[in-house]
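Engineer: Use the sequences and the hints to build the structure in full.
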Amino acid sequence: MASKTSDLKELFRLTFSAPVTWICGEANSQQAIHWVSLGLPEAQPGDLLLINASELNSQVILQAQEKKLTALLLLGAAPLAENIDPGDLVIAAVDEPVPDLRSLQRTMLTILINQRIALMERGVRIRTQLSELEAEGRGLEGLTKAMAEISGCGTLIQDKRGRILAQHPSSTLSTIWTDVLEQLADLSSLPDGLVDRKLAVNQAKVVTQIIPGGLERLIAPLIVGEIARGYLSMVDLQGELDDLDYLVIEQGSSVCAMEMARNKAIREAEKRLKGDLLTALLQDNLSPRDARLWVQTMGLDLEQAHVALRFAWEGLAPPSRRRLETIINGEIAQLGLQVIVSSLSNEVICFCQVSPDKKRPEPALILGQAVLHQAAQEYPNTQARCGIGFPVSSLEKWRISLRQAGQALEMARRLREEKPLYYADLSVYRLLFQLEHSPDLIAFQQETLGKLLTHEGAGELIHTLEAFFEHNGNLSQAAEALFIHRNTLLYRLERIASLTDLDLEMPENRLAIQLALRIYHMIGKYT
Numbered sequence: 037m038a039s040k041t042s043d044l045k046e047l048f049r050l051t052f053s054a055p056v057t058w059i060c061g062e063a064n065s066q067q068a069i070h071w072v073s074l075g076l077p078e079a080q081p082g083d084l085l086l087i088n089a090s091e092l093n094s095q096v097i098l099q100a101q102e103k104k105l106t107a108l109l110l111l112g113a114a115p116l117a118e119n120i121d122p123g124d125l126v127i128a129a130v131d132e133p134v135p136d137l138r139s140l141q142r143t144m145l146t147i148l149i150n151q152r153i154a155l156m157e158r159g160v161r162i163r164t165q166l167s168e169l170e171a172e173g174r175g176l177e178g179l180t181k182a183m184a185e186i187s188g189c190g191t192l193i194q195d196k197r198g199r200i201l202a203q204h205p206s207s208t209l210s211t212i213w214t215d216v217l218e219q220l221a222d223l224s225s226l227p228d229g230l231v232d233r234k235l236a237v238n239q240a241k242v243v244t245q246i247i248p249g250g251l252e253r254l255i256a257p258l259i260v261g262e263i264a265r266g267y268l269s270m271v272d273l274q275g276e277l278d279d280l281d282y283l284v285i286e287q288g289s290s291v292c293a294m295e296m297a298r299n300k301a302i303r304e305a306e307k308r309l310k311g312d313l314l315t316a317l318l319q320d321n322l323s324p325r326d327a328r329l330w331v332q333t334m335g336l337d338l339e340q341a342h343v344a345l346r347f348a349w350e351g352l353a354p355p356s357r358r359r360l361e362t363i364i365n366g367e368i369a370q371l372g373l374q375v376i377v378s379s380l381s382n383e384v385i386c387f388c389q390v391s392p393d394k395k396r397p398e399p400a401l402i403l404g405q406a407v408l409h410q411a412a413q414e415y416p417n418t419q420a421r422c423g424i425g426f427p428v429s430s431l432e433k434w435r436i437s438l439r440q441a442g443q444a445l446e447m448a449r450r451l452r453e454e455k456p457l458y459y460a461d462l463s464v465y466r467l468l469f470q471l472e473h474s475p476d477l478i479a480f481q482q483e484t485l486g487k488l489l490t491h492e493g494a495g496e497l498i499h500t501l502e503a504f505f506e507h508n509g510n511l512s513q514a515a516e517a518l519f520i521h522r523n524t525l526l527y528r529l530e531r532i533a534s535l536t537d538l539d540l541e542m543p544e545n546r547l548a549i550q551l552a553l554r555i556y557h558m559i560g561k562y563t
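Here the numbering used here is used: position 490 in the sequence shown is 526, and no number is missing along the way.
Wrong hints could be hidden among the right ones.
What the hints assert, rightly or not - Simulated pairs of lysine to any residue, SDA-like, Cα-Cα distance not exceeding 20 angstroms:
#1 K45 to S65
#2 K300 to Q370
#3 K196 to L230
#4 K196 to G366
#5 K455 to Q419
#6 K103 to E78
Stated by the list, open to error - Quick list of simulated restraints, FRET-style, between CB atoms:
#7 M156 to L309: 42 to 48 angstroms
#8 M156 to R49: 34 to 40 angstroms
#9 D222 to E472: 42 to 48 angstroms
#10 L329 to L451: 37 to 43 angstroms
#11 L155 to S356: 41 to 47 angstroms
#12 L371 to L318: 20 to 26 angstroms
#13 E541 to L318: 46 to 52 angstroms
#14 M334 to A412: 25 to 31 angstroms
Calculated directly from the structure, the hints in this document are not laboratory data.
For clarity, every value in this text was computed on a predicted model and none was experimentally measured.
No residue lacks a Cβ here, since even glycine has one placed at the ideal position from N, Cα and C.
Structural biologist: Have a look at this one:
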């Protein structure tokens, strides 16, 4: 850790040959001094006031407190009267002779200014060093390592969700660094002024925060445009952070913000290119040769299979499609998947690279689930839906997978499915979807369930039927799932048989009812 620059105590040490006498407030003697003043009228908050000991009285103390001065330095011995309460004010006295107050002021200001000039020069060198690393393409990892080495602090960069983008421990914290990262990954640990990313722009550039475990951190928002895109933290033992650390995080946050802005611009350009490619592919505007070249340029492997995913919000006043796309891109980065993302009307569509040897496209299913989970976390009052098509092995079949994903998305809406709905899991719905507008489909539903659906207790009876079929006709298991007595279940089944005029013991009747129930759920109404 670099040595501290001069605080009040250090300023006195550099100014006088003999130690000063601390009358009160020595515990606060490591505070920084903004300026050295000779009179109360011109003194500003944070200043050190020089006065003759004979001039000290309760009125001077009161005015110094009102002006929020840091300290008083008395020339000459002067015990503090018992009726004077200095509060947090630091008061010291010096007995060694000085030419006059103005000469002493000049000496002390020279020390302060020289230190500030040295600090500014060091800041320029740090900024230059970090800017060179950024220009060389060292990225956030390289910047984090450099800041940690300069300051001796554990350093980390997080994105807007708290995910750690880069980190480098200090030797002091190496044994507990994993615990520190886990603790700071939760954005609830942020200081209050930085929680709102838009308001964080107007907060102090650097905030000091005590964290559990005898630690302390400096944290600065990484401002890109008019919003905080992430956070830079420097962590050390409590009380060990110094002016050099402030300097490093001030300069480092600016360079890191530029690196994040550059990365964001690159990602946006890549997303636009991928979106244009996807549009051209789906509209068949590219020759097979050009399509393959474009896909390979985007980093996709044509030896692998690809599967379509379609996402959409549901509700009367949903968040913007842009917000959904941001969530999707965040999860793609977190999972490290190869995906092309684009927009289609009010949907976000993706093509995810998967293994051609696997029966189920697990990476796509994991991505879909991660997106829906994150969307629910950020927007608990709005539901996102996801449909996933079959994996396809050639570019010419991408449109087939996209159409399948669209059907799965539509069924996810109708069934109010909270998980990603994979086309292969639609089962009989795949056939029913093709006949959705057929009069025969509606007629079959009405013939099979007509009286049941118009019955006063239709909801309860439908729920009973679904539990009965879900447990393959096992009465005990179905009753347990419904939290009712077995006899109650039998009564309901008899009522259903009476309303439908169908014997549930006959397999063909069971099949007809199950099919009619699926038609009802798919269409979502009784006609």
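Engineer: Hint by hint, say whether it matches the structure.
Structural biologist: Hints versus structure:
1. K45 to S65: Within the cut-off at roughly 5 angstroms; holds.
2. K300 to Q370: At roughly 15 angstroms apart (the allowed maximum being 20 angstroms), Q370 and K300 satisfy the hint.
3. K196 to L230: holds, 11 angstroms
4. K196 to G366: holds, 10 angstroms
5. K455 to Q419: It holds: about 10 angstroms lies between the C-alpha atoms, which stays within 20 angstroms.
6. K103 to E78: Cα-Cα ~10 angstroms, so holds.
7. M156 to L309: 42 to 48 angstroms: The hinted range 42 to 48 angstroms holds for M156 and L309, with Cβ atoms some 43 angstroms apart.
8. M156 to R49: 34 to 40 angstroms: Given about 22 angstroms between the Cβ atoms, the range is violated.
9. D222 to E472: 42 to 48 angstroms: About 46 angstroms separates the Cβ atoms of D222 and E472, which means 42 to 48 angstroms holds.
10. L329 to L451: 37 to 43 angstroms: At roughly 40 angstroms between Cβ atoms, L451 and L329 fall inside 37 to 43 angstroms, so the hint holds.
11. L155 to S356: 41 to 47 angstroms: holds, 45 angstroms
12. L371 to L318: 20 to 26 angstroms: Given a distance of about 24 angstroms, which is inside 20 to 26 angstroms, the answer is holds.
13. E541 to L318: 46 to 52 angstroms: holds, 50 angstroms
14. M334 to A412: 25 to 31 angstroms: Hint holds: Cβ distance 30 angstroms, inside 25 to 31 angstroms.
The structure fails to meet hint 8 from the earlier list, while all remaining hints are met.
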